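Asks: In case you want the letters, here they are:
Protein chains: 2
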Amino acid sequence: MMTLEDKFKALETENAPGQEGRQSVEDLDTVMRGDKLDGVPVDFSHGDVDAFPPTPGSAEAWNTGFEKGAKQAYTEYRGEAQIREGLANRLGRFTGRAISADTELIITPGTQGALFLALGATVASGTKVAVIEPDYFANRKLVKFFGGDILPIPLHYQGVSSENGPDLNRLEEAFKGGANVFVFSTPNNPTGLVYSPASIEQISSLAEQYNVTVIVDQLYSRMLYSGEVFTHLRACETQPVKLLTIMGPSKTESLSGFRLGTAFGTSDLVDRMERLQAIVSLRAAGYNQSALDTWFQEPSGWMENRVHEHEAIRDDLLKVFRKAGFITAKPQAGSYLFPKLPPLGVDLYTFVRLLRHQAAVTITPGTEFAPGSNDSIRLNFSQDHAAAIEAVKRIIKMTEIYSK
Amino acid sequence: MMTLEDKFKALETENAPGQEGRQSVEDLDTVMRGDKLDGVPVDFSHGDVDAFPPTPGSAEAWNTGFEKGAKQAYTEYRGEAQIREGLANRLGRFTGRAISADTELIITPGTQGALFLALGATVASGTKVAVIEPDYFANRKLVKFFGGDILPIPLHYQGVSSENGPDLNRLEEAFKGGANVFVFSTPNNPTGLVYSPASIEQISSLAEQYNVTVIVDQLYSRMLYSGEVFTHLRACETQPVKLLTIMGPSKTESLSGFRLGTAFGTSDLVDRMERLQAIVSLRAAGYNQSALDTWFQEPSGWMENRVHEHEAIRDDLLKVFRKAGFITAKPQAGSYLFPKLPPLGVDLYTFVRLLRHQAAVTITPGTEFAPGSNDSIRLNFSQDHAAAIEAVKRIIKMTEIYSK
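Chains as they are written, first to last, in the numbering used here: chain Z, 1 to 404; chain U, 1 to 404.
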């Protein structure tokens, strides 16, 4: 049995994105080489909603919700019925399979909330959970928190793109070995890899065959770059018995400050998630839920333009990293880059803190995404285009200053 | 070991406040006696924020937060530093003991969020938790969810007021018997009982003596009626080694639609709560946190007036209930009434559903607050004054229609 102390040790947030302000810098003086590097501070730990502001009309939608009063303040725990109705239609269309607004959809406090509830509804002490590495840092933490056992599945992302993807042999082995749940993100966070149609179909079939519950986090599926294809697992012909799909407007649409997400799929899992939500925080903030009325009905051309602008940043940053010899996979979707650093004379965590202190650049260490990724860093490049390029140049400069 | 099925059975929300819309009414036709009763529908399951609207300036504060952009969208998981600074000052003054904004305070998604994080930070499989009965329904559910064992402590609330309060002998027995945690609300939800200075001091001393962590939910401590005294446990001379106080602006201030709460106290518990918050939903919605700037600095006279208006409703409803012979304790604070029903010819859950279906009155069954309270109902009387009186008259009429 895990003690509370162990449990919370596994939940360390010292290197988690957004918490950098709480890190101490006092001990850096002894290791710092040279002077501070000039430049506009860039925080790559998350997207910059000043550079890419929230969907037009989202604040107005909040105010409309506020003016609705009691009806909007106290919604069902799974979210306001009419808002769910509209969402179910639009998400059903986007993902290629109808959704029942009444039984198959829950509105959550962010996609983080959706992941928490989904894993809380499926993982207890001893539950075996297949987890992709690297993948979103909270997946592993959540499995541990609920007492589950992690079966790690490698994701290949640095090689020839046709050979990239999850190791499906390892996945089948894990399923044979008694995995009850499989959780993964596509587009993958932190690499931007989009699972191919063939992998998605095979995952869906294997999960059906071995009766594994699948939780697929598609948070970034709308930010899809030129020529790429996205496959929705919930639209596959062969379906897992239990499946939850998670999406939300925090990233591409920059609504993170509203804390809104959704999960949709198997109704008895949605029921459980709602019961858990009732003791976690009752509901996603009532007035905020109104902002979901802007989701998947943004002004014409707005989304295309947003994707286009991110693609331009991706291309430029990739060029800078690759020119400097950094192995960096090309993201097919989303706004993350996951470059591999050259060998350094300081450990990764010290380098990350030096970057912030000396070069005004905040990034997230790769170990947040896979225990072995201590040679990689994650950048959310949803930033001011010019400032991001200069900040990446400072990262490269810093690897030279601290080279082995 | 609890299975997931057991775990979620304990989290049933069918009778939870706010979920009544999901109840089936089909089977009521066979038990319903007579016709529907005319009247304005009243939902006593929660306060009516149309009758008592949110604090003046709260929506404006949200919009100010939104306009601040990135800084306010992505706060530390424990909440935006400047907002915490102001809160720590004001909450420290209110509760009679200074609070460190940096280490002793966390902003949460509602006080529900604060309770979830506080119990998550202190209760694991086998932890013994002393729980008052009756008390806020989620307390028991949370303890069960985290795998703890409940040691029930009776609250006396129907007798002579000087003899009312928690059974302190039973509490000491529980502490002797190995209780690790004690969670309770004062003012008590659902009875409105305020723990006396003597009980609070004794609880604090006993907790110190037996090294029990105390979690005290003071959600309703600002809505204190004429002549009543509120005692803050965190201001007692003898202090428990570990103590968390929970408060929020969802009730008296009607900000429930913002989902905001706070917990403050022992810093290593606050640390744990933040780590847990990081995987639960990251943070209370960033823009919403700005509304906390209106908290404890409402316009002059506003709070006094709000309390006064509630006191007038309390007095009138008490009169109506007592005139009809219902045993009903007089709430010293908060907006809950917990009357005992006369013997009925139908079970409590059927009566509750009939009330809603036939009399347009929504209330919460007493069993949500204590397993044995199947003869009581809870009303949140933060409602339109006149409509509330008429609705209580319909409740009384219904007990006559369905009398044994």
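In case anyone wonders, no lab produced these hints; they're calculated from the structure.
Hints may contain errors.
Identical copies look the same in the list; a pair holds intra-copy or inter-copy alike.
[To be verified] Quick list of in silico lysine-lysine cross-link-like pairs, BS3-like style, CA-CA up to 30 Å:
hint : residue 1 : residue 2
1    : Lys-68    : Lys-393
2    : Lys-36    : Lys-7
3    : Lys-404   : Lys-176
4    : Lys-71    : Lys-393
5    : Lys-323   : Lys-9
6    : Lys-242   : Lys-68
7    : Lys-36    : Lys-9
8    : Lys-176   : Lys-128
9    : Lys-128   : Lys-319
10   : Lys-330   : Lys-176
11   : Lys-323   : Lys-397
12   : Lys-404   : Lys-323
13   : Lys-393   : Lys-9
14   : Lys-7     : Lys-144
15   : Lys-397   : Lys-71
16   : Lys-128   : Lys-7
17   : Lys-71    : Lys-9
18   : Lys-144   : Lys-128
Quick caveat, the model's predicted, so the values are computed rather than measured.
Asks: Now tell me if each hint is right for this structure.
Replies: A quick look at each hint next to the structure:
{"no.": "1", "hint": "Lys-68 <-> Lys-393", "in the structure": "between (49 Å within a copy, 29 Å between copies)"}
{"no.": "2", "hint": "Lys-36 <-> Lys-7", "in the structure": "neither (38 Å within a copy, 54 Å between copies)"}
{"no.": "3", "hint": "Lys-404 <-> Lys-176", "in the structure": "neither (43 Å within a copy, 59 Å between copies)"}
{"no.": "4", "hint": "Lys-71 <-> Lys-393", "in the structure": "between (51 Å within a copy, 24 Å between copies)"}
{"no.": "5", "hint": "Lys-323 <-> Lys-9", "in the structure": "neither (39 Å within a copy, 58 Å between copies)"}
{"no.": "6", "hint": "Lys-242 <-> Lys-68", "in the structure": "neither (36 Å within a copy, 42 Å between copies)"}
{"no.": "7", "hint": "Lys-36 <-> Lys-9", "in the structure": "neither (33 Å within a copy, 58 Å between copies)"}
{"no.": "8", "hint": "Lys-176 <-> Lys-128", "in the structure": "within (11 Å within a copy, 38 Å between copies)"}
{"no.": "9", "hint": "Lys-128 <-> Lys-319", "in the structure": "neither (41 Å within a copy, 58 Å between copies)"}
{"no.": "10", "hint": "Lys-330 <-> Lys-176", "in the structure": "neither (33 Å within a copy, 62 Å between copies)"}
{"no.": "11", "hint": "Lys-323 <-> Lys-397", "in the structure": "within (13 Å within a copy, 82 Å between copies)"}
{"no.": "12", "hint": "Lys-404 <-> Lys-323", "in the structure": "within (20 Å within a copy, 85 Å between copies)"}
{"no.": "13", "hint": "Lys-393 <-> Lys-9", "in the structure": "neither (35 Å within a copy, 55 Å between copies)"}
{"no.": "14", "hint": "Lys-7 <-> Lys-144", "in the structure": "both (7 Å within a copy, 17 Å between copies)"}
{"no.": "15", "hint": "Lys-397 <-> Lys-71", "in the structure": "between (55 Å within a copy, 28 Å between copies)"}
{"no.": "16", "hint": "Lys-128 <-> Lys-7", "in the structure": "both (17 Å within a copy, 18 Å between copies)"}
{"no.": "17", "hint": "Lys-71 <-> Lys-9", "in the structure": "between (41 Å within a copy, 28 Å between copies)"}
{"no.": "18", "hint": "Lys-144 <-> Lys-128", "in the structure": "both (10 Å within a copy, 22 Å between copies)"}
Checked against the numbered hints above, the structure violates hints 2, 3, 5, 6, 7, 9, 10 and 13; every other hint is satisfied.
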